[in-house]
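Just need the whole structure built from these sequences, with the hints factored in.
Chains A and B, in that order, give the protein sequences.
The UniProt record's numbering applies: residue 1 is where the first sequence begins, and numbers increase by one.
The UniProt record's numbering applies: residue 1 is where the second sequence begins, and numbers increase by one.
It should be emphasised that the hints constitute simulated quantities derived from the structure, not laboratory data.
Each statement offered as a hint is correct.
The list that follows gives simulated cross-link-like pairs (lysine to aspartate or glutamate, DMTMM-like), each with its CA atoms no further than 20 Å apart:
#1 B/542 with A/57
#2 A/486 with B/57
#3 A/491 with B/16
#4 B/542 with A/56
#5 A/516 with B/514
#6 A/198 with A/232
#7 A/508 with B/16
#8 A/393 with B/375
#9 A/508 with B/57
#10 B/508 with A/54
#11 A/542 with B/56
#12 B/516 with A/514
#13 B/486 with A/54
#14 B/393 with A/376
#15 B/508 with A/57
#16 A/491 with B/57
#17 B/542 with A/63
#18 B/267 with B/435
#19 A/356 with B/352
#20 B/501 with A/57
So the derived label-pair ranges between C-beta atoms look like this:
#21 A/504 with B/162: 45 to 53 Å
#22 B/264 with A/86: 37 to 45 Å
#23 B/263 with A/86: 35 to 43 Å
#24 A/463 with B/370: 42 to 50 Å
#25 B/363 with A/504: 48 to 56 Å
#26 B/325 with A/289: 29 to 37 Å
Keep in mind it's a predicted model, so treat the numbers as computed, not measured.
In this text, a Cβ means the ideal position worked out from N, Cα and C, and glycines have one as well.
Number of protein chains: 2
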Amino acid sequence: MKIAIAQLNYHIGNFEGNLQKMLNATTTAKEQGADIVVFGELAVTGYPPQDFLEFDDFIQRSEAVVNSLAKAATDIAIVVGAPCRNPVVEGKDLYNSAYFLAEGTIQQVVHKTLLPTYDIFDEYRYFEPASEFKVVDYKGSKIALTVCEDIWNVGNENPLYKICPLDELMPQNPDFVLNLSASPFSFTHAENRIHVLKANVERYGKPMFYVNHVGAQTEIIFDGGSLVMSPDGTVHDELPYFEECIRTYALESVQKGGVKHVQPKEKMTLIHDALVTGVRDYFGKLGLKKAILGLSGGIDSAVVAVLAQRALGAENVRVLLMPSQFSSDHSINDARELAENLNVQYDLIQIEDVYKSYESLLQPHFAGTSFNVAEENIQARIRGMLLMAMSNKFGHILLNTSNKSEAAVGYGTLYGDMAGGLSVIADLYKTEVFELSRYMNKEGEVIPENIITKPPSAELRPDQFDSDSLPDYDILDGVLYQYIEKRQGPKELIAMGYDEKLVHRILKMVNRNEFKRAQVAPILRVSSKAFGMGRRIPIVGKYLN
Amino acid sequence: MKIAIAQLNYHIGNFEGNLQKMLNATTTAKEQGADIVVFGELAVTGYPPQDFLEFDDFIQRSEAVVNSLAKAATDIAIVVGAPCRNPVVEGKDLYNSAYFLAEGTIQQVVHKTLLPTYDIFDEYRYFEPASEFKVVDYKGSKIALTVCEDIWNVGNENPLYKICPLDELMPQNPDFVLNLSASPFSFTHAENRIHVLKANVERYGKPMFYVNHVGAQTEIIFDGGSLVMSPDGTVHDELPYFEECIRTYALESVQKGGVKHVQPKEKMTLIHDALVTGVRDYFGKLGLKKAILGLSGGIDSAVVAVLAQRALGAENVRVLLMPSQFSSDHSINDARELAENLNVQYDLIQIEDVYKSYESLLQPHFAGTSFNVAEENIQARIRGMLLMAMSNKFGHILLNTSNKSEAAVGYGTLYGDMAGGLSVIADLYKTEVFELSRYMNKEGEVIPENIITKPPSAELRPDQFDSDSLPDYDILDGVLYQYIEKRQGPKELIAMGYDEKLVHRILKMVNRNEFKRAQVAPILRVSSKAFGMGRRIPIVGKYLN
Chain A
1 MKIAIAQLNY HIGNFEGNLQ KMLNATTTAK EQGADIVVFG ELAVTGYPPQ
51 DFLEFDDFIQ RSEAVVNSLA KAATDIAIVV GAPCRNPVVE GKDLYNSAYF
101 LAEGTIQQVV HKTLLPTYDI FDEYRYFEPA SEFKVVDYKG SKIALTVCED
151 IWNVGNENPL YKICPLDELM PQNPDFVLNL SASPFSFTHA ENRIHVLKAN
201 VERYGKPMFY VNHVGAQTEI IFDGGSLVMS PDGTVHDELP YFEECIRTYA
251 LESVQKGGVK HVQPKEKMTL IHDALVTGVR DYFGKLGLKK AILGLSGGID
301 SAVVAVLAQR ALGAENVRVL LMPSQFSSDH SINDARELAE NLNVQYDLIQ
351 IEDVYKSYES LLQPHFAGTS FNVAEENIQA RIRGMLLMAM SNKFGHILLN
401 TSNKSEAAVG YGTLYGDMAG GLSVIADLYK TEVFELSRYM NKEGEVIPEN
451 IITKPPSAEL RPDQFDSDSL PDYDILDGVL YQYIEKRQGP KELIAMGYDE
501 KLVHRILKMV NRNEFKRAQV APILRVSSKA FGMGRRIPIV GKYLN
Chain B
1 MKIAIAQLNY HIGNFEGNLQ KMLNATTTAK EQGADIVVFG ELAVTGYPPQ
51 DFLEFDDFIQ RSEAVVNSLA KAATDIAIVV GAPCRNPVVE GKDLYNSAYF
101 LAEGTIQQVV HKTLLPTYDI FDEYRYFEPA SEFKVVDYKG SKIALTVCED
151 IWNVGNENPL YKICPLDELM PQNPDFVLNL SASPFSFTHA ENRIHVLKAN
201 VERYGKPMFY VNHVGAQTEI IFDGGSLVMS PDGTVHDELP YFEECIRTYA
251 LESVQKGGVK HVQPKEKMTL IHDALVTGVR DYFGKLGLKK AILGLSGGID
301 SAVVAVLAQR ALGAENVRVL LMPSQFSSDH SINDARELAE NLNVQYDLIQ
351 IEDVYKSYES LLQPHFAGTS FNVAEENIQA RIRGMLLMAM SNKFGHILLN
401 TSNKSEAAVG YGTLYGDMAG GLSVIADLYK TEVFELSRYM NKEGEVIPEN
451 IITKPPSAEL RPDQFDSDSL PDYDILDGVL YQYIEKRQGP KELIAMGYDE
501 KLVHRILKMV NRNEFKRAQV APILRVSSKA FGMGRRIPIV GKYLN
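The following block contains the structure:
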């Protein structure tokens, strides 16, 4: 028995594209001598299809793809994830299912039991959980078919579910386990995944084939890293990260165990490659090519420029340098040097004249007030507006350069530096942005050293530094991480040794700025808790603020 | 046995405020001679508390409020909704519960069984469903305690759930049913609610007391309209819409039936009052007072200005008239007349000079291109920027004036007319905005007639009209309603008689503009399907576009 894993980059709702990709992979798997080829969870629709699932037309198109794949399932079995209608009138209308296709027809449909409904996941919004458990018989083998989360309820201290699908299947004595996944990237996920598969293999003693998606769907990135685990708990093979791959394995050799093909999991390498994938697929899947961003001379826009250039190519990236009367010379020079290092088109646009024309227009209304955040924001918004004007005129998509620390505390201007179609690094704390910049310079200076070493400043008034308004980033990021990723409250944070006043000040800033984060572009997710669809906080809430 | 219904306006996370409000209501209920006072679902935390529920500190504060209420439950029983920890390690960590408090302690805790997880609801994200069913014994009565959705699985053609909590409780022969709700407003909801309660009463023959929230939490509005239903299927009483109210009922007289107190449910009255509530509570709950908006002379901003003035008072509303070289005289005159009718402060700011300074700044880059959407958007963004500058300087919150039709097809400028802290009418199709304007003028002209009768125009280039770029609003809104509210696909729409090309064009516009809607302010929800948290569509999706 030979099993092919097809780790592919699907596109939500692109039924023709997904079908063609899977037909090609089926041909490849056949060439590799496979008896079965396995695709990912909801591979037919792409993941997550979200509320498209509520359209009957969408489900019909998905069913048509499943039928086409069934027809192609000759001399090979195809296992593919797709929604399946629930024939029972009570309960949700759909199942999240794995279709077993062979001999030109649908042989069996197995439904997902454990429906993740937390963080970015909303599966119980759409799907009814499975209530029956039956292995698939194929060519004399018994196969335990599972979908993603179904294998994640093993070895947790606080399991989310009361049921364990493989416990239900084991009495039927399957020969091996297939798991169709769409398991989103975070920088610790590849490690966690191996632990969970190990826990399963240790409990059940069966070979496991775990098939993941690769590529990004708006903010959600899939890293691939599909796994084949031997019954002795060793990783028989781990597929590459961030690229499509089709590989075939002989069951007998997986049974034997003793091989260990594991890739390094260095945090910054993973994050770097994930973000490049995220930018590339956002553009690719929307049929776009060209990006624009403002280069301030600061670290955030520098890092985004490098990512954009690597994702889209230098010829598709354009940057604007938009100094005001408050910009320092070094900012302009640093930005120019970076643009030249990256070999991207750059233009210098002085914003002082436009600023003055706003000033004179507002003078009758602002008379008697002093320079404050209103005037600072005007500068940031002029820049946002110029970038959008170029975007509208020439079709470049504006990349947003906010980081997670400033997004958390609201240190940014709505419709100014918070503008953009995709937020590239807003799931990286400022300290992580610095780490990433150093990683980028590891094999030769790309980002001018001065950009990395100078103290961060928004340069919206004379001699302004981030440290005037914010705690040191080391401390700020520590508190933010505990609050956002770890859901620690004020008491826990103070018990960790953080200053009481500072804790209250930071949590207040985070909660009061929910309204700003409600209006930002999708944020490429690389942590276990990113701002956006995976973190839902009421705007009018009066908690800790 | 006398039962008091307390229909209150809670505030998410405002534990002290919610406690004080419930203690006051308990005093009132005692004065009315009540044996029991009933509050709403999750009244302690406010609804929906969303991911605040993931913070242990948040749950502790909620528990403290429940304990304080228990101490106040002397000479009266208090029934209140709050989260309850799940002591079992498997499953979700919390229940969504109704606490029965009497004689100074927690007597019983009943958990919600049916957890809505669709549209704006995410309850399965947080809560474990109940698996036990036990009536509450109090002063010789048996009480069936239910939470919101628990009574909504009766009489549906396509029930979402496999269980019916009252079916489980009836063998224990309860004397009456209490239902603690947080049931969001839509303009058909008050009607639906009566149907569902009637279906329950017809099935079980027991008096029902349904207690709703009132007031808005960001985009979600609660209309109140709490109900007392007699076993004969008549509405014994319906509490007022959009105001707090505490009323006490003798069980015997409810048993008798034959009374019918029902309020009129005229669509535009309900929508008008809901939107006024939505604006008022957004400001009130955030501790804000003053609003600003741009008056274009068009219908959308006119309607929002009226709502703002009614919600916040004329003294708290400021408007800007910002004509460009493309604005018609009548626009300025109409806007001025409206501002004078409303008695709100208005200022005229000509944007042409700023526009020209952008033009000259961009001239080297735009050379050789012709006037297009880029130049149109610059004007819209100058206006957004001026409004935000006033907002930042004086603390007025910008109200967004987009309607649902333009939000649907992307006929608006990001960071321009799509800016704002709260989107007031973006759940009203253009045709409904006209309806609402006529409703506002019913008792005397508030909105100048010319604003209502002239053809809609964005006035961003000479002689521009909406009809140049969009289908007639009557047709557009019909297609949008079927697609958005009713999830009809292209085949169904064409079968309804809509032109095939037009259908494809409209659906494409809707799906391609998901990226714009991802960045807008929260939208006050008045329909059964609003843009925002209740409608989740992938941005990179390639479906119907």
